[in-house]
Amino acid sequence: MPGINYFYPEFEVVRNDARCIRCQVCARQCANEVHSYDPERDLMLSDESKCVNCQRCVSLCPTRALKIVKSDCRLRENANWEGDTIREVYKQALSGGVLLSSMGNPKNYPVYWDKILINASQVTNPSIDPLREPMETRVFLGKKPEKLERDENGNLKCELTPQLELSMPVMFSAMSYGSISYNAHESLARASKELGIYYNTGEGGLHEDFYVYGPNTIVQVASGRFGVHRDYMEAGAAVEIKMGQGAKPGIGGHLPGTKVGPDVSRTRMIPEGSDAISPAPHHDIYSIEDLRQLVYSIKEATGHKKPVIVKVAAVHNIAAIASGIARSGADIIAIDGFRGGTGAAPTRIRDSVGIPIELALAAVDQRLRDEGIRGNVSLVVGGSIRSSADVVKAIALGADACYIATAALLALGCHLCRTCQTGNCNWGIATQKPELVKRLNPDLGYKRLVNLMTAWNHEIKELMGGMGINSIEALRGNRLMLRGVGLTDAELRILGISHAGE
Amino acid sequence: MLAIDTSNMDFLELGKRLRETEEDTVLRGCLGQRFIAAGMKRRKLEIHGIPGNALGAYLDGADIEVFGNAQDAVGDTMNAGSIVIHGSIGDTAGYAMRGGEIYVEGDAGYRAGIHMKEYHEHLPVLVIGGKAGSFLGEYQAGGMIIVLGLHTDGPIVSNYPCTGMHGGKLFLRSDCKDILFPDQVTARPASAEDLKEIEPYLRQYCVHFGGDYASLIGSPFTVVTPDSRNPYRQMYVAN
Ligand code: SF4
Ligand code: SF4
Numbered sequence: 001m002p003g004i005n006y007f008y009p010e011f012e013v014v015r016n017d018a019r020c021i022r023c024q025v026c027a028r029q030c031a032n033e034v035h036s037y038d039p040e041r042d043l044m045l046s047d048e049s050k051c052v053n054c055q056r057c058v059s060l061c062p063t064r065a066l067k068i069v070k071s072d073c074r075l076r077e078n079a080n081w082e083g084d085t086i087r088e089v090y091k092q093a094l095s096g097g098v099l100l101s102s103m104g105n106p107k108n109y110p111v112y113w114d115k116i117l118i119n120a121s122q123v124t125n126p127s128i129d130p131l132r133e134p135m136e137t138r139v140f141l142g143k144k145p146e147k148l149e150r151d152e153n154g155n156l157k158c159e160l161t162p163q164l165e166l167s168m169p170v171m172f173s174a175m176s177y178g179s180i181s182y183n184a185h186e187s188l189a190r191a192s193k194e195l196g197i198y199y200n201t202g203e204g205g206l207h208e209d210f211y212v213y214g215p216n217t218i219v220q221v222a223s224g225r226f227g228v229h230r231d232y233m234e235a236g237a238a239v240e241i242k243m244g245q246g247a248k249p250g251i252g253g254h255l256p257g258t259k260v261g262p263d264v265s266r267t268r269m270i271p272e273g274s275d276a277i278s279p280a281p282h283h284d285i286y287s288i289e290d291l292r293q294l295v296y297s298i299k300e301a302t303g304h305k306k307p308v309i310v311k312v313a314a315v316h317n318i319a320a321i322a323s324g325i326a327r328s329g330a331d332i333i334a335i336d337g338f339r340g341g342t343g344a345a346p347t348r349i350r351d352s353v354g355i356p357i358e359l360a361l362a363a364v365d366q367r368l369r370d371e372g373i374r375g376n377v378s379l380v381v382g383g384s385i386r387s388s389a390d391v392v393k394a395i396a397l398g399a400d401a402c403y404i405a406t407a408a409l410l411a412l413g414c415h416l417c418r419t420c421q422t423g424n425c426n427w428g429i430a431t432q433k434p435e436l437v438k439r440l441n442p443d444l445g446y447k448r449l450v451n452l453m454t455a456w457n458h459e460i461k462e463l464m465g466g467m468g469i470n471s472i473e474a475l476r477g478n479r480l481m482l483r484g485v486g487l488t489d490a491e492l493r494i495l496g497i498s499h500a501g502e
Numbered sequence: 001m002l003a004i005d006t007s008n009m010d011f012l013e014l015g016k017r018l019r020e021t022e023e024d025t026v027l028r029g030c031l032g033q034r035f036i037a038a039g040m041k042r043r044k045l046e047i048h049g050i051p052g053n054a055l056g057a058y059l060d061g062a063d064i065e066v067f068g069n070a071q072d073a074v075g076d077t078m079n080a081g082s083i084v085i086h087g088s089i090g091d092t093a094g095y096a097m098r099g100g101e102i103y104v105e106g107d108a109g110y111r112a113g114i115h116m117k118e119y120h121e122h123l124p125v126l127v128i129g130g131k132a133g134s135f136l137g138e139y140q141a142g143g144m145i146i147v148l149g150l151h152t153d154g155p156i157v158s159n160y161p162c163t164g165m166h167g168g169k170l171f172l173r174s175d176c177k178d179i180l181f182p183d184q185v186t187a188r189p190a191s192a193e194d195l196k197e198i199e200p201y202l203r204q205y206c207v208h209f210g211g212d213y214a215s216l217i218g219s220p221f222t223v224v225t226p227d228s229r230n231p232y233r234q235m236y237v238a239n
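Keeping their order, the protein sequence lines are chains A and B.
Residue 16 in this note's numbering sits at position 16 of the first sequence, with consecutive numbering throughout.
Residue 173 in this note's numbering sits at position 173 of the second sequence, with consecutive numbering throughout.
Please keep in mind that the hints were generated in silico from the structure rather than gathered at the bench.
Hints are supplied without guarantee of correctness; some may be wrong.
As the list claims (entries may be wrong) - Here are some, though not all, of the chain A residues that point toward chain B, as calculated from beta-carbon distances under 10 Å:
#1 36
#2 39
#3 92
#4 224
#5 234
#6 235
#7 282
#8 293
#9 294
#10 299
#11 301
#12 302
#13 303
#14 344
#15 416
Virtual Cβ for every residue (Gly too), placed ideally from N, Cα, C.
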């Protein structure tokens, strides 16, 4: 049937011919091979059907001759059958395949962070100027003792279970080597070291070159157990058991064999070219008791010296699940909201499974408090923390710290084109192709991450100072510092905050 | 050899005692303590009694011999070393192991050898003397699983073996006429060349548990291999 498989390209390349000097930088820069040069006519041509709007060519064009715009050649407007929805039907009718997307859920669901406002002091309870007065943003993650205890001589017992010390309440969350590049990992590792925070290996193992950053590394154990062995767990500052991920709750991961080159193969400890399949469940975990077993097997293998984190996706029963995890022996619970990013996830799952992190966090913190076990664990939340204000709101809702990933990738140059799954990332992040990887210079990348985090830390202090709070400890779970705008009674109840004006 | 009487010891205490020394050790009166030898490096460990779940998890070179049965998750994510069980074992033995050898004299429970992997010179081997439960070798990505079907009349393996298999080899000492395999694998009678591959492990089995190599190899074996290392490749369309 002629024409039925043709989609008019989503984007158009607009080239200002008066500015174009035929330098062909765009052709060399676009790994999707959109641009080409026709010497006979001395013309730059574009095959827009391959363009993903990553803006690489736009950014590198020396004469600013390029612009990528959304095409206005589209089907008749229909608020129910939107262009993307129709296009997805076409794609599946053609291929019979499951739709695969990347990065976080882009749909128009409510972002509760943007409906929560932060308090400040006026007249009474003066605010604090962070430039003049000491402010504490350091946090310790791990189990906290329920009460002070003294030995027979009356001295305080100071023995704590292992803790992670963070200079500020933000860490880089799990992104595996395989889903992101060597240079991206190096940038994250070096930035963590300089900042006194942690990055997370994801489930792809730890590259031998990065063992030196072990004290700032969280190593992950997922259902596929890629690259997991004793030295790997020994190398990390903490071990994270990945039960789920916000972008794809309830399903596993799948790194296609094409991305498993010699280096990734060595790091994941699997054969080259073979798919790396992490099934949905850990096949030895069917209960909290089974989870406890994995937690303790890791603790035994590492001599009880490292905190164990259990990471779960925010799903409907998250409060009950977290309550179970808090009794499993885990030291830290990481909860990933439904907007969390991913290198690849089935579109339908990414866009329709899970719940917002704001609601999950509030529900979990409340539940653990109600049950008197909040001190058993620290809470780390991720799944679209976009700014220092989101961090402050999360802490006031009850988090101990936040995980960020997309924001960190943006700092490294990601332009959110959402085609990580192709492995053709023009910014050198979500790719294993050497010629693309080298576009991300880790010397600069790590500095940009340090800049971003330093700036956030200043802002966190400023926001805290405004509330008259000088330590992150005093902000945690301090929901009186928050008000909602435009939220329903149910939303306010779950968030445990009052409406603005109340 | 250091001897520890474990009969009144909890797993935390036992783990601590084992980490305190690098000497070869014998445990007596073992009563279900979990996580024994987790991550243990090169040394010998002899266990009398029944070790609990996750024996030799992340094992990294130690040689363990158990005189008794063992429970679930033996050799979980094992890297190197050996585990010899003079008895039967519970579920998920050798989960994601990528190196070393496990020999079980008797039967294995559900999900034995799932996620087994291999890379470079690391080739894990799991030998089960009796029969294996359901889901044997699920998601197997490498290594070798050998089931001998000794001391049993029923089927050598229960339901759904090899689902999601995308690497490695599975040997069953049976013609497997009564076994249903999934579409993405090929099960065929083992050739002389295939049998060469498993010879050292069968001989080792006989060393550990007695028995006669010639009579073991004399019966027909079926070998199962995956059709593709990329079983899920076709399922997706970029969006
Ligand atoms: S894919 Fe990126 S580099 Fe290529 S044409 Fe489109 S915007 Fe430019
Ligand atoms: S990481 Fe690369 S491919 Fe993925 S969204 Fe960012 S720019 Fe695009």
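Structure-based check of all given hints:
Restraint check, residue 36/A versus chain B: the minimum CB separation of about 22 Å is more than 10 Å; hint violated. Violation of the interface hint for residue 39/A is found here, the shortest Cβ-Cβ separation to chain B being roughly 32 Å, above the 10 Å cut-off. With a cut of 10 Å, the hint placing residue 92/A at the interface with chain B holds, because the nearest CB-to-CB distance is about 7 Å. For the restraint placing residue 224/A at the interface with chain B, the shortest Cβ-Cβ distance is roughly 6 Å, inside the 10 Å limit, so the hint holds.
With a cut of 10 Å, the hint placing residue 234/A at the interface with chain B holds, because the nearest CB-to-CB distance is about 8 Å. A hinted interface residue such as residue 235/A counts as satisfied when its beta carbon comes closer than 10 Å to some beta carbon of chain B; here the least separation is about 13 Å, so the hint is violated. Proximity of residue 282/A to chain B holds as hinted, the smallest CB-CB distance being about 9 Å (cut-off 10 Å). At a threshold of 10 Å, the smallest CB-CB gap from residue 293/A to chain B is about 6 Å, leaving the interface hint in force.
This hint holds: residue 294/A has a C-beta 8 Å from the nearest C-beta of chain B, less than the 10 Å allowed. A distance limit of 10 Å between C-beta atoms decides the matter here; for residue 299/A the minimum to chain B is near 8 Å, and the interface restraint holds. Interface restraint check: residue 301/A against chain B, minimum CB-CB distance 3 Å, threshold 10 Å, status holds. At its closest, the beta carbon of residue 302/A sits 7 Å from a beta carbon of chain B; the interface hint therefore holds under the 10 Å criterion.
Proximity of residue 303/A to chain B holds as hinted, the smallest CB-CB distance being about 6 Å (cut-off 10 Å). About 8 Å separates the beta-carbon of residue 344/A from the nearest beta-carbon of chain B, less than 10 Å, and the hint is met. Nearest Cβ of chain B to the Cβ of residue 416/A: about 15 Å, over the 10 Å cut. The hint is violated.
When the structure is compared with the earlier hints, violations turn up for hints 1, 2, 6 and 15 and for no others.
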